[in-house]
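So you can see what is in the structure, the chains are spelled out below.
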Amino acid sequence: MIQFSPSNILTGNGIAITLTGMLIVFSGLLLISLFISSLPRLLSWLDQLKQKTPAATDSSISAQATELTEPEIHAAISLVLHLELERCGGDLQRITIHERPAMASFWNPRGQMRSLSDRSPYA
Amino acid sequence: MIQFSPSNILTGNGIAITLTGMLIVFSGLLLISLFISSLPRLLSWLDQLKQKTPAATDSSISAQATELTEPEIHAAISLVLHLELERCGGDLQRITIHERPAMASFWNPRGQMRSLSDRSPYA
Amino acid sequence: MIQFSPSNILTGNGIAITLTGMLIVFSGLLLISLFISSLPRLLSWLDQLKQKTPAATDSSISAQATELTEPEIHAAISLVLHLELERCGGDLQRITIHERPAMASFWNPRGQMRSLSDRSPYA
Amino acid sequence: METLNQFFSGTGFVHLSWGHVLMILVGLAFLTLAIVKDYEPLLLVPIGFGILVGNIPSVSGMALSVYDPGSVLSYIYFGVSEGIFPPLIFLGIGAMTDFSAMLSNPKLVLLGAAAQIGIFLTLIGALALGFTPQEAGAIGIIGGADGPTAIFLSAKLAPHLLGSIAIAAYSYMALVPVIQPPIMKLLTTREERLIRMAPPRQVSKRERIIFPIGAFLICGLIAPGSMVLIGMLFFGNLLKESLVTDRLANTARNALIDIVTILLGFSVGASTNADYFLTPQSILIFVLGALSFCIATCGGILFAKFMNLFLRQKINPLIGAAGVSAVPDSARVVHNMGQKEDPGNFLLMHAMAPNVAGVIGSAIGAGILWTVLVH
Amino acid sequence: METLNQFFSGTGFVHLSWGHVLMILVGLAFLTLAIVKDYEPLLLVPIGFGILVGNIPSVSGMALSVYDPGSVLSYIYFGVSEGIFPPLIFLGIGAMTDFSAMLSNPKLVLLGAAAQIGIFLTLIGALALGFTPQEAGAIGIIGGADGPTAIFLSAKLAPHLLGSIAIAAYSYMALVPVIQPPIMKLLTTREERLIRMAPPRQVSKRERIIFPIGAFLICGLIAPGSMVLIGMLFFGNLLKESLVTDRLANTARNALIDIVTILLGFSVGASTNADYFLTPQSILIFVLGALSFCIATCGGILFAKFMNLFLRQKINPLIGAAGVSAVPDSARVVHNMGQKEDPGNFLLMHAMAPNVAGVIGSAIGAGILWTVLVH
Amino acid sequence: METLNQFFSGTGFVHLSWGHVLMILVGLAFLTLAIVKDYEPLLLVPIGFGILVGNIPSVSGMALSVYDPGSVLSYIYFGVSEGIFPPLIFLGIGAMTDFSAMLSNPKLVLLGAAAQIGIFLTLIGALALGFTPQEAGAIGIIGGADGPTAIFLSAKLAPHLLGSIAIAAYSYMALVPVIQPPIMKLLTTREERLIRMAPPRQVSKRERIIFPIGAFLICGLIAPGSMVLIGMLFFGNLLKESLVTDRLANTARNALIDIVTILLGFSVGASTNADYFLTPQSILIFVLGALSFCIATCGGILFAKFMNLFLRQKINPLIGAAGVSAVPDSARVVHNMGQKEDPGNFLLMHAMAPNVAGVIGSAIGAGILWTVLVH
Ligand code: NA
Ligand code: NA
Ligand code: NA
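Protein chains in written order, with the working numbering: chain C, 1 to 123; chain D, 1 to 123; chain S, 1 to 123; chain B, 1 to 375; chain V, 1 to 375; chain E, 1 to 375.
Hints in this document: simulated from the structure, not taken from any laboratory. Model, not experiment: these values are computed from the prediction. The C-beta atom is built at its ideal place from N, Cα and C for all residues, glycine as well. It is possible that part of the hints are untrue.
Quick list of the computed label-pair ranges, beta carbon to beta carbon [to be verified]:
#1 Asn336/B x Pro6/S: 53 to 61 Å
#2 Gly61/V x Gln3/C: 42 to 50 Å
#3 Pro177/E x Ile283/V: 45 to 53 Å
#4 Asn336/V x Leu42/D: 46 to 54 Å
#5 Ser38/S x Lys305/E: 26 to 34 Å
#6 Pro182/B x Thr11/S: 34 to 42 Å
#7 Gly61/V x Asp68/B: 30 to 38 Å
#8 Gly130/B x Ser17/E: 27 to 35 Å
#9 Leu28/B x Asn336/V: 37 to 45 Å
#10 Ile15/D x Leu25/B: 52 to 60 Å
Straight line, CA to CA, 27 Å or less: simulated DSS-like cross-link-like pairs of lysine-lysine [stated by the list, open to error]:
#11 Lys205/B x Lys37/E
#12 Lys205/E x Lys50/S
#13 Lys37/E x Lys37/V
#14 Lys50/C x Lys205/V
#15 Lys50/S x Lys37/B
#16 Lys50/D x Lys37/V
#17 Lys50/D x Lys205/B
#18 Lys205/V x Lys37/B
#19 Lys50/C x Lys205/E
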């Protein structure tokens, strides 16, 4: 059943395909490798061109691990809850899922839209 | 390259299409405008027909902003957590996602189904 | 308009279809019924074959309903919050939704991947 | 002026017939039932709005309706007319159904078989009324009380009746709380309705995993025609019960089934254009459909009473009515009727067993009819 | 060696033309605008990356591009070229849009009608420049400032211009914050821009449920050609407002619209192969598109000033500019300009009324053009 | 009686052959591996259940199997046979993959290239065993250890072998924790396995955004045949990394990939009907597939040792084995083996670099094979 016939390798161009193939795969990934290794230098060079060094902004934040008070813990839990739920399920549109009481005012003194997505770009 | 030939406007029926088009667009949105401006009156007239005035039910709820006790805060957080999670992800069916311990009883003295959606209408 | 002609029942093979159909439906569900009624015995017989009786692991857990302390309540709420949010929305991949600060380290001393799903089997 | 004329001759008002107006009123009735009465809103809202869309008279030469090749609605309707949507809905149903109630009480499965008599007696009735055997089979399946199954079989056997059959099936499923109670009351005594059933045994995780695999092989081999529907149902259930494919089960029972439900409901509704839909045949189909629901309900109840002749632990015959499927409404109807007689009698979980068995039973029935009538 | 040669002759570098390079730069510009400037990223990122993919020169004999029958991209593009994706996007938009602002202030609806003059004057301009009536109609719809509507109508009237029209429409929608402000400033006095509008009345739940049903019937009967777009928009809105189909609305405005947006944006981008796209016609279309946005903005503002001649409670004419659609960007532009003059003036909700009316208006416009020009 | 006969002749039992029984046992084995052993359950559960469905013998005259035109399964299988599903899965993978590990250590990318030798040596082996060049190319791609890539290329070059190749690829991917460790142990010394690698540098947000764009242009121009797979992979990644299209990335890596995975796995499984699948060719393909995984693993490890000849900071050659892709299993295998020698050695992140590079490498390989062999 199994016929091993090495001649097929030549007629099927096997060696040539293998050499070409590995050459191309290597050149592709080599180019990617060179690209990503030069990327940081490219970016810092671009930054120097712009002459704007917006450093020293992150270092100011220092975590102070002091004892938390009761209300702070409540606030923290509630904040996480709020932030996470804001996002979960449907990200920006999710606010609209809530059932609304029959006569709720959709109006809001600060002029904010209540339920049309803030970023809906579809129409 | 650019040939400006106003005669094409006439042969292409441009003026007629524009006039008809704007007429229809305006009549469509005018009808919608009339529909939505008459809607509240229509609804209140229907309500009068029914002779049922189920008013004065909402006004009874008055928000009392008193100081909350510790357990009340916990209860509030847990309730929001429960309610929101109930809904998030998969609304009604979501309860079923939980892994169940190998031998959990699906039976429940109040005869409630555990995991078939309460509102599944598909079958 | 409505013509009631019982002869059609015979020419349409109605009786035969009904008898065959109900026979097959009943045999199918009867087989399922026998299958599920023999399933527990089959499984316990298989277990005996394996000679491994991994019992007495579940019974050790006994719920102790003592009064909870303040930190315990906080911990419980936070745990539920964490566990549920972990899953909600996108199960395993959900961790990756967060916006990351520009220069966050993706490296972590315990060698954990941060954002490739732990169970992604796609590639 | 000519353009204006041309446009007005293309306006819906000109072509609006009484048939269209009637169907639009039907659509509004569906929406009202769904929104005000809360009858199966997930199905009746899409179908109802689809009826409105399908009965705005379209302009000749424009590809608008589900019947115009190349129209957007025709592409959506393709999933209905080729029977692609129903198996996908069964996938989601499988991923949200818990078969534990059935696994813990195997003999109740037979009630789900008995209720399928509605399918076959309706077929006989339809034959007598002059429908072809293929049409009669598709009409009979309304008695399966299962929307996706009805659409699947109609698409295969009698595509021209698909709209009427689908609308009839979904209408009566929404009306289960109205149709079943009088029949249940008529066929049972107060003593029977008071029967309490013992809480069933617990079902292990392994049983729940092995069940969909074994049950699929049984159904598939006995009625290969039911392979796709039943296969998807149990595949979805395995995704759920195996516990290792939670994310797939979750998507199947949420995003996937919702998307398919929206498209199926909307396009089935839109296929009810008055010109195609308002025929004497449709009326007959509605009459036969109502009959089939009644027969199926009787079949389940009477078989439960028949089983009681042999059983030591009596079955409450009410739960036989749940064998018609219409998950989970008919089970809830049973539960409510049981509680009306005895507020301490909780029949819901017991009724779920014949209820889900009825889904399997009508899928097998559809497979048989397809096999026998496909030629 | 032969194989190597054969391969290199199949490499992209060999076939890369200046046109491709130019289009790749356009794609990179889109990505930059989206990611750095945050202009409509949900659309420009897919389109921009699609432009890159569409301009990698493909090898003859391989089915790669959207124009090669049997290629993966051609199957995805099918949803664009047959106009299937736009109604599905409208379904999701409907399920996320709140029409309350419009319901509470019916007369602002007319501003959304006035802005559609941009569609028809652009059509006249396109006719004058030698386009066929069908092409001119498709180009005019750019003035509707509505991506899905533009793609839908182009697919029906002038499929060969679809790429250019879609790219023009989305580009200008992203540039609304750049295009509109100067025109708004030019056409209004400082006094007009300072006009404050009274907070509108509250809208009941019942109004919000009945509105999509009634409005669909009006639009569908007046312009049946808009049936599919408008039908899906209001169907989605009913799913949202009926409150009984929350899970369907939720899926429609999340998974469904996201999947369609990804596929639509990517394949529209990939259809801009330089060989097809870089034509004098495309340049004309971009010029006409810019014009149409300006005309539409003028139309809305001037009609607001015209209405003020008759109204006791004056409208702030800025909100006329929101009639072009481009939801919700143009409403936000109006709001920001109002706040620049008077930080206490909150125009956003008022601007939402003509904004969503503009969506309906341009869908009606598309329906009319399709009906008149389909022959 | 005739009907009963007719039905039984249409029952699965009659037509069930030993081949079907064997394949059903294979399906059950897949399910057991997935559920009990937790090997790649997200793929093996759908494929395993699909094998059951595909081997219920269907009735002649009924459109049931994936090979019957007009059947539901054939419509689902269309996404496989036309290569539509694999790019969509790559979209989702892109949206869940973090390329940071690779970006921070560019030289490890080459390991992902070296492991592709498995593809080409297997191709030579398949040619020697008498397969046509097209078939040999499709079989070779099993060595890419990438399910979607294997399906994509088979669909293009040798559709009649698609089932066997897909099953072989996924089986061996699931068995990576069994196949790789002995080879890794054989080819490395204890000292090599103990090498610790320095934690790589941090990668900025901008790098992560620019990377998918640049890498796509490189791959697309070098091997246009890989354009669709690679394009979708990097498009998904850009959706994720750009941070402005979070909702699209979220849908791509959840609802979209889940839906496609369910349909792909199920229909690939269902395509393994014994009549088509149980051929000597399939056995050869499984043997060659196993070989290709071994060769690929060797290629990666040996190239890592070769690179160590030139590098000052030595690479742990174990991570070469991760170059075969099979994300993230082979990276985890590397990590576990590293920890067995030294519990303080954390190789996972390092191994992710060749791991994801291997995905890119095999997609490029597939592109080359397609280009060369398409004629
Ligand atoms: Na049933
Ligand atoms: Na507009
Ligand atoms: Na690989």
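Consistency of the hints with the structure:
no.	hint	in the structure
1	Asn336/B x Pro6/S: 53 to 61 Å	39 Å, violated
2	Gly61/V x Gln3/C: 42 to 50 Å	31 Å, violated
3	Pro177/E x Ile283/V: 45 to 53 Å	58 Å, violated
4	Asn336/V x Leu42/D: 46 to 54 Å	37 Å, violated
5	Ser38/S x Lys305/E: 26 to 34 Å	57 Å, violated
6	Pro182/B x Thr11/S: 34 to 42 Å	35 Å, holds
7	Gly61/V x Asp68/B: 30 to 38 Å	36 Å, holds
8	Gly130/B x Ser17/E: 27 to 35 Å	43 Å, violated
9	Leu28/B x Asn336/V: 37 to 45 Å	42 Å, holds
10	Ile15/D x Leu25/B: 52 to 60 Å	40 Å, violated
11	Lys205/B x Lys37/E	16 Å, holds
12	Lys205/E x Lys50/S	54 Å, violated
13	Lys37/E x Lys37/V	49 Å, violated
14	Lys50/C x Lys205/V	54 Å, violated
15	Lys50/S x Lys37/B	56 Å, violated
16	Lys50/D x Lys37/V	56 Å, violated
17	Lys50/D x Lys205/B	54 Å, violated
18	Lys205/V x Lys37/B	16 Å, holds
19	Lys50/C x Lys205/E	18 Å, holds
Violation of the numbered hints given earlier is confined to hints 1, 2, 3, 4, 5, 8, 10, 12, 13, 14, 15, 16, 17; the remaining hints are satisfied by the structure.
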